[in-house]
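**Student:** Protein chains in written order, with my numbering: chain G, 1 to 228; chain V, 1 to 257; chain Z, 1 to 226.
There could be a bad hint or two in this list.
Partial pick of chain V residues on the chain G-facing surface, computed with a CB cut under 8 Å [unchecked claim]:
id: 1; residue: 134
id: 2; residue: 137
id: 3; residue: 144
id: 4; residue: 145
id: 5; residue: 165
id: 6; residue: 169
FYI, nobody ran anything at the bench for these hints, they're computed from the structure. In this text, a Cβ means the ideal position worked out from N, Cα and C, and glycines have one as well.
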Amino acid sequence: MSGATGVWGALGTLIRRDLLLALRRRAQVLNPLVFFVIVVTLFPLGLGPAPNLLQKLAPGVLWVAALLSAMLSLEAMFHSDFEDGSLEQLLLVPQPVFIIVLAKALTHWLLSGLPLLLLAPILALWLHLPNEAILVLLITLALGTPVLSLIGAIGVALTVGLRRGGVLLSLLVLPLYIPVLIMGAGAVDSAAAGLSVGEHLSILGALLAFAVTLAPWAAGAALRISVE
Amino acid sequence: MWLWIHKFGSPKYFYSVSGKLLPWVAGATVLLIVMGLYLGLVTSPADYQQRETVRIMYIHVPSAWNSMFIYLLMAVAAAIGLIWNIKLADIVAAVSAPIGASFTFITLVTGSLWGKPMWGTWWEWDARLTSELILLFLYLGYIALQSAFEDRRLAARASAVLAIVGAVNVPIIYYSVQWWNTLHQPQSLGVGMSTIHLSMLWPLLIMALGFKLLYVVILLMRTRAEVLERERNNAWVQELAQALAGRDFFRSGNEYR
Amino acid sequence: MGTSVRQSPREYNPLVAADEDQPALTAENLACERGDRLLFSGLNISLDAGNLMLVEGPNGSGKTSLLRILCGLAQPSAGVVRWRGEEIGKARERYCAELMYLGHNHGVKGDFTPYENLQIARDLAGAQSAVTLDDALYDVGLAGFEDAPARTLSAGQRRRVALARLLVTQARLWVMDEPFTALDTDGVMLVEKMLERHLAQGGMALVSTHHEVRVTEVNIIRLELR
């Protein structure tokens, strides 16, 4: 008799499982990150390379690109598990369903949110964002991208059983991302203007706490409906 | 209370009661809206700052109130349907969405019409209008999800989860948009009506009540139609159809005359 | 079929045999609709230790729907399912700890090796059996295939991986939807052997199938859906 038992053990097993799966399908993980870089690159090409303009637009551009790339990778969260029947097996694991969703959202963040933290400073430099704003950008991404994964989990859980779920997913999820976008981009904007960002960051933190507590329940309920 | 919910939740009972209720509510709606329009468009004064355009408010504000009220009501109905498995609540939630979306759309159009003389532009990223726009997106997402499922029961349950998540998010979105707005364009604050004269308040309140009842009328009509459609295999609907056929409304099951 | 609960559910220990008087799995007055079609209604089920229930019926008669309802994966339009007297919705985790489900899509990950697939299933299960992963793979005839990605195996071999999952966990109730699909003659015999042993040890099984199941010394209950 070995192996993991209890809630935390199950959480660990699930995260290890999904990370291992991602390791076997590296392209699926890398594509949204490349997408992030390309989208950000499009802006200087579309707007012209004037540093003032780019600096002004940088917070919004970086955050919108982060939103879109998080959304692109969302579908992978439950899709293959749904197709091959693993999702049914996961829902029959003797653990609360929200643990499964939490593990999925956490893995999604590790693979899509965390790498953005590494890429963002380089892209911020390309867009001539001042150094202090880059630091704030990293903090907002660290607080905001987990919220994207958690809210996204609800959206994917609702649409995973549908044949054309992809576009619908963005329709459901993007409006719910707006507060994160406002706070995230707003904080970087304020930092670039030399203003204080404490309020933005505490609201982002509150959003994160809120999402961690509620989103797994909603996504769990949605998942059970989708598998039916 | 519990018994009442179950009794009223039975489609047949709802159908007969709502049928008796409908003419009265419809009459009251017409009365209130006519009265409100008369007071608003004829007897109430023009604003000293906004002139005659202030009268758009009598449509705009009641629509805006309705748009949020209906979303909330939709979420509550959806939650009741999800938790207690009451079909009528599912139907109420499902048919409320297009009505709410329509009111949201009216709010946006009238807001935009108001914006042209007031701000000199058809669209201003004002906090209230922006929130309404996002609310419209939420409605559209709900409607899209609802129609994506083939099975009605799954559609109702899935969209109920979305409606609840949306309802929790509406205040968050509203406040963050307001905050975003004050940061980016402090000048547009204060354009709204902070104080309002009684001669304008009365028509506004009457219109608001009229619009609420208008929603109830449309809701009852659409719910009744949906109840008939979903219960079409049940005995009481068949009897109803036979009775109507006797009066020559129906030729066959679905052919109108 | 009003069942009374004698032992408190909290004190229940999965390793202690069930109360003999009380059927472990009961369902009352189950109904299932798909769209506008009523698949079945007024269905009563009672399954006890050592019993095998065969769910039979033509395609589209609701066999899969019934099994999924009994697992708690789908909601019935009416009726309740109870596990040891408790509604499965309320005792979900206790129920799942004693349940193994083998569906049409058996949930074997193509990117994992059979060994990894089993390891994860065992780590997430409620109670693990003493059988080692290697022994389980040997028993289902996959010795030598432990380290190949499951996607390179044949359909029948992948189904055998799913079957091995039943061996490394100690579930009392097996729910199998068409377990003989894609299996060769040896595979069919393997499933029958597994069922025999499981039922002899006081387990129970719900199996939907078109085949005849040749098991000896087992009490078979047949449920015909039309």
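**Student:** All the hints need checking, so say for each whether the structure fits it.
**Tutor:** Tested hints:
1. For the restraint placing residue 134(V) at the interface with chain G, the shortest Cβ-Cβ distance is roughly 5 Å, inside the 8 Å limit, so the hint holds.
2. The beta carbon of residue 137(V) comes within 4 Å of a beta carbon in chain G, closer than 8 Å, and the hint placing it at the interface holds.
3. Given hint, residue 144(V) at the interface with chain G, holds; its Cβ is 6 Å from that chain's nearest Cβ, closer than 8 Å.
4. The interface hint given for residue 145(V) is met, as the beta carbon of that residue sits about 6 Å from the closest beta carbon of chain G, less than 8 Å.
5. Among the interface hints, the one on residue 165(V) holds; its C-beta lies about 5 Å from the nearest C-beta in chain G, closer than the 8 Å criterion.
6. For the restraint placing residue 169(V) at the interface with chain G, the shortest Cβ-Cβ distance is roughly 5 Å, inside the 8 Å limit, so the hint holds.
Checked against the numbered hints above, the structure breaks none of them.
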